[in-house]
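The task is simple: from the sequences and hints, build the whole structure.
With the sequence shown counted from 1, adding 1 to any position gets you our numbering.
Keep in mind that the hints are not guaranteed to be accurate.
[Unchecked claim] Computed beta-carbon distance windows for the label pairs:
#1 Glu136 x Tyr58: 53 to 63 Å
#2 Leu143 x Pro245: 46 to 56 Å
#3 Asn56 x Val83: 44 to 54 Å
#4 Arg248 x Tyr17: 25 to 35 Å
#5 Val83 x Phe213: 13 to 23 Å
#6 Asn56 x Pro170: 50 to 60 Å
#7 Pro67 x Glu129: 24 to 34 Å
#8 Phe213 x Phe87: 22 to 32 Å
#9 Pro170 x Met41: 29 to 39 Å
#10 Lys254 x Arg178: 41 to 51 Å
#11 Phe87 x Gly157: 42 to 52 Å
#12 Lys228 x Gln116: 17 to 27 Å
I should point out that these hints are in silico values taken from the structure, not numbers from a laboratory. We put the beta carbon where it would ideally sit given N, CA and C, even for glycine.
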Amino acid sequence: MAITNFIPTVWSETLYAKLNEKYVAASNCNRSFEGDIKEMGSVVKICGIENVGLNDYHKDTDLSAPQVLTDTVIEFPIDQAVCFNFQIDDIDLAQASPKLMEAAMSTAAAALANQADRFIYSLHKDTETRICLNEPTPEVLLDTFITAMQKLYEAGVTDPSDVVIELTPYVASILLRAKIEFTSSNNSVLENGQFGTLFGAKVFVSNNVESFQETDDILHNCLVRTKRSIAFAEQLSEIEAYRPEKRFADAVKGLHLFGAKVIYPKEMVCIEVTHSVAN
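If you want it as structure tokens, here you go:
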């Protein structure tokens with residue numbers, strides 16, 4: 002790709018497409034509020050309405066006065082900004098295939114997607130329900146997921162297909178040791194990061210699900226949640242090509258703005274699994 006052939010709109014759309022291919026956490030969020038994000042610090046507003054009440058109806062009886070509904074507004078800021086800036090030497094362009102820049106953009110998209118997914122998974126702290134397990138057996142872990150699904154149903158969730166289970170590779174391996182047969186449809190391609198379903202919910206495995214070492218233990222904050230529990234919005238506000246002054250090279254830089262917020266904390270359960278570093 003020559004610098005003269007760079008079309009920002011086309012490459013922004015390409016990068017968006019690549020991002021969507023790489024997302025796990027973001028693809029499991031409500032993304033219908035992205036709106037018009039202009040810059041860092043923009044605020045996304047989510048408008049809602051209170052519940053509509055019901056009354057008994059009696060024939061030949063006047064209806065009660067209509068309920069006065071009030072709206073609600075939840076806001077979250079676009080407070081995350083990540084940029085990339087890479088160059089490809091003219092010699093490399095001459096010796097490599099024409100797809101070199103496309104491959105570089107795909108790599109950049111993967112890095113941006115990982116950053117956004119990690120941020121989304123860090124929001125586990127905003128859940129109202131947390132279940133802590135220490136060195137669980139496969140049976141105990143499986144029973145805990147059943148409990149988590151129960152919590153969601155008690156919160157008003159009715160469709161298990163709208164629920165996602167997001168695990169670290171370590172926690173996923175515990176379930177696999179239970180010789181659970183994860184069901185999947187042979188008629189459709191599984192989503193990125195998904196390896197089947199459990200209790201009707203899609204199961205995803207990602208290295209971006211939060212895990213960290215604390216003294217001699219490793220903690221994994223896995224999630225069982227609805228797709229609407231977290232709202233996510235993003236914008237590729239800048240993407241441009243240029244020629245570095247001191248290099249014979251094409252360079253591309255871009256700015257990725259995003260934000261996320263837990264909107265329905267009752268529809269998200271965090272299962273904290275702890276195990277010894279030795280295990």
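Taking the hints in turn, this is what the structure says about them:
no.	hint	in the structure
1	Glu136 x Tyr58: 53 to 63 Å	holds (57 Å)
2	Leu143 x Pro245: 46 to 56 Å	holds (55 Å)
3	Asn56 x Val83: 44 to 54 Å	holds (51 Å)
4	Arg248 x Tyr17: 25 to 35 Å	holds (28 Å)
5	Val83 x Phe213: 13 to 23 Å	holds (21 Å)
6	Asn56 x Pro170: 50 to 60 Å	holds (52 Å)
7	Pro67 x Glu129: 24 to 34 Å	holds (33 Å)
8	Phe213 x Phe87: 22 to 32 Å	holds (29 Å)
9	Pro170 x Met41: 29 to 39 Å	holds (33 Å)
10	Lys254 x Arg178: 41 to 51 Å	holds (46 Å)
11	Phe87 x Gly157: 42 to 52 Å	holds (47 Å)
12	Lys228 x Gln116: 17 to 27 Å	holds (21 Å)
Comparing the model with each earlier hint shows no violations; every hint is respected.
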